[in-house]
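Visitor: Chains A and B are the protein sequences, given in the same order. Take the first sequence: its letters are residues 1091 to 1360, numbered as in this note's numbering. Take the second sequence: its letters are residues 1349 to 1636, numbered as in this note's numbering.
Derived from the structure by calculation, the hints contain no laboratory data. Please note that a few of the clues may not be correct.
What the hints assert, rightly or not - Okay, the calculated bits of chain A under chain B, using three or more residues with CB under 8 Å as the criterion: (1) 1098-1110; (2) 1168-1175; (3) 1195-1207.
Unchecked claim - Going by beta-carbon spacing under 10 Å, a handful of chain B positions derived as facing chain A: (4) Ala1374; (5) Asn1464; (6) His1480; (7) Ala1482; (8) Gln1489; (9) Val1491; (10) Val1505.
Unchecked claim - For the chain B half of the interface with chain A, some residues (derived, Cβ under 8 Å), not all of them: (11) Ala1398; (12) Arg1402; (13) Gly1462; (14) Leu1465; (15) Pro1555; (16) His1573.
The beta carbon of each residue, even a glycine, is placed where N, CA and C say it ideally should be.
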Amino acid sequence: MTGDLTTVQDLFQSRLLAGDETVRAHLTAGGPHLGVYDHAYLARLREVMGEDFPALHTLLGDEEFDDAVTGYLADHPSTERSVRWLGRSFAGWLRTTSPWSDLPMAGDMAAFEWGLGLAFDAPDADVLTGEVLAATPPEAWPLLIFDFHPAVNTFVLTHDVADFQQAVTREDDPDAAPEAISPGPETWAAWRDGDSLRVQFRPLSGDEAVGLSLARDGKTFQEICEALARSSGPVAADQGDAALRAAGMLQGWIQAGWIVGVSAEGMSWA
Amino acid sequence: MTRPGDQISGFGLGLRPQHFSDVLAAPQPASGGDGSGVDWFEIISENFMAVGGRPMANLMAVRECYPMAMHGVSLSIGGPDPLDRDYLLSLKDLADRIEPAVISDHLCWTGAHGINLHDLLPLPLTEETLDHVAARVREVQDVLGRRIALENASTYVTFTADCLTEWDFLAELTRRADCDLLLDVNNVYVSAFNHGFDAETYLAGIPAERVKQIHLAGHENNGDHIVDTHDAPVADAVWELYRKAVCRFGAVPTMIERDADIPPFADLVAELAMARRLAAEATGGAAA
Ligand SMILES: [Fe+2]
Chain A
1091 MTGDLTTVQD LFQSRLLAGD ETVRAHLTAG GPHLGVYDHA YLARLREVMG
1141 EDFPALHTLL GDEEFDDAVT GYLADHPSTE RSVRWLGRSF AGWLRTTSPW
1191 SDLPMAGDMA AFEWGLGLAF DAPDADVLTG EVLAATPPEA WPLLIFDFHP
1241 AVNTFVLTHD VADFQQAVTR EDDPDAAPEA ISPGPETWAA WRDGDSLRVQ
1291 FRPLSGDEAV GLSLARDGKT FQEICEALAR SSGPVAADQG DAALRAAGML
1341 QGWIQAGWIV GVSAEGMSWA
Chain B
1349 MTRPGDQISG FGLGLRPQHF SDVLAAPQPA SGGDGSGVDW FEIISENFMA
1399 VGGRPMANLM AVRECYPMAM HGVSLSIGGP DPLDRDYLLS LKDLADRIEP
1449 AVISDHLCWT GAHGINLHDL LPLPLTEETL DHVAARVREV QDVLGRRIAL
1499 ENASTYVTFT ADCLTEWDFL AELTRRADCD LLLDVNNVYV SAFNHGFDAE
1549 TYLAGIPAER VKQIHLAGHE NNGDHIVDTH DAPVADAVWE LYRKAVCRFG
1599 AVPTMIERDA DIPPFADLVA ELAMARRLAA EATGGAAA
């Protein structure tokens, strides 16, 4: 499309995003009520961020939360159709933008709340039962790859923010600020219980974090076993042990309703 | 209980998450002899596109009991960027599940260069805009395999380039694009006040056979301009304009939108009874 329409729209958008007043020349009487649009834009997006990150809001307090949201929205104008995804990059932004980067529990809280949100309303999918594995021929096992339920997601935390967030969700006053996780960053998973549709979450062991990451990346069961054998260090680099541990994890994932499909390239079985 | 069909009539409400439990606790469309209750619900399409879990389970439970309309906010029918194919396919997926009576969005644009400003922005009312919007409505209708209804948004500015009134623009758009209209009576009132045109002239210029749904909502009067806030009961002057709209358009499915300061469900049902009463008076007791 060419012509005056795009010109006016570009100017209108510049006004909303950067305060450029040029568009007024195209408005009747200079657009005395143009400010209504500024207000609607920011107020709406701030409200959405407040709804998506209530525990972070409590953790930071009104003023700091508002500062963080304003800075984030300035750096990340929405490219999403739905405001549902407005906060997609908030945790990463907090972790890399001063002064929030000096307060890692802020990024942790945002990551935690976002992960729980994903688990809450991700699309539905039919989960696999244990019988499918029982019916899998032994020669297929090394080649197995896994499809995960869309609600399953992981995030890395340096602070245990769960109790604080859960208190805010219950509308209680959190007892204490989140504590640092020792010895270091920990991968957590969030998912949705298939019957109650309630959101669940838990920290993963180092092994399970490695295995889950590979499995979600489409690596085969054998590749997962090899990685687990390597990750146990030089002493216990035992393939059989790693295979047992991988099978145990897989069992847990299936029981939790995380897996929606297994397949092996070039093979099929009933 | 069999699922209600894909037509709406009578009086509806915008379905809001706060009210799911109330709606599901008494899930029968209740436009019986006493003239109370809710006949249908409208959902915000984007809230349920590519969504599962509790929100989708609730939605489908409500759909088993009520017919629905789908109302979008980010089609950006007047925007400069190409129409988003994935968005349209996702909208169609949702429509296949919901079987809505009406799929609507707004006569507006929502952003340029891939940015979404999440607001209903005003369009210059020119021949250029008319060509652009009409072509895009046809494209959307081809993907969805059905007509869409476009809603008049409240506006707070007009453009020096304007050469059509909004009602002439909409009337011509329905002809060129073969689309329907969702008439927001509050928005007619708000824009008439803000720009000094006559609301009844607006109604008279709208082709009656294209109006498939009516919106009512509350606004905020700031003295020299009115803002469409959806955070208050419908204003008296808007009720009066609604009565005139019913006289002109007949028993069009009508609903109240409330998006902020959301009151208890029963309050909205009570407010809806006002629409029922006015419409019955205006049509001599023959309101749907
Ligand atoms: Fe509306």
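Visitor: Could you tell me which of the hints above the structure violates, numbers in ascending order?
Guide: 3, 4, 7, 8, 9, 15
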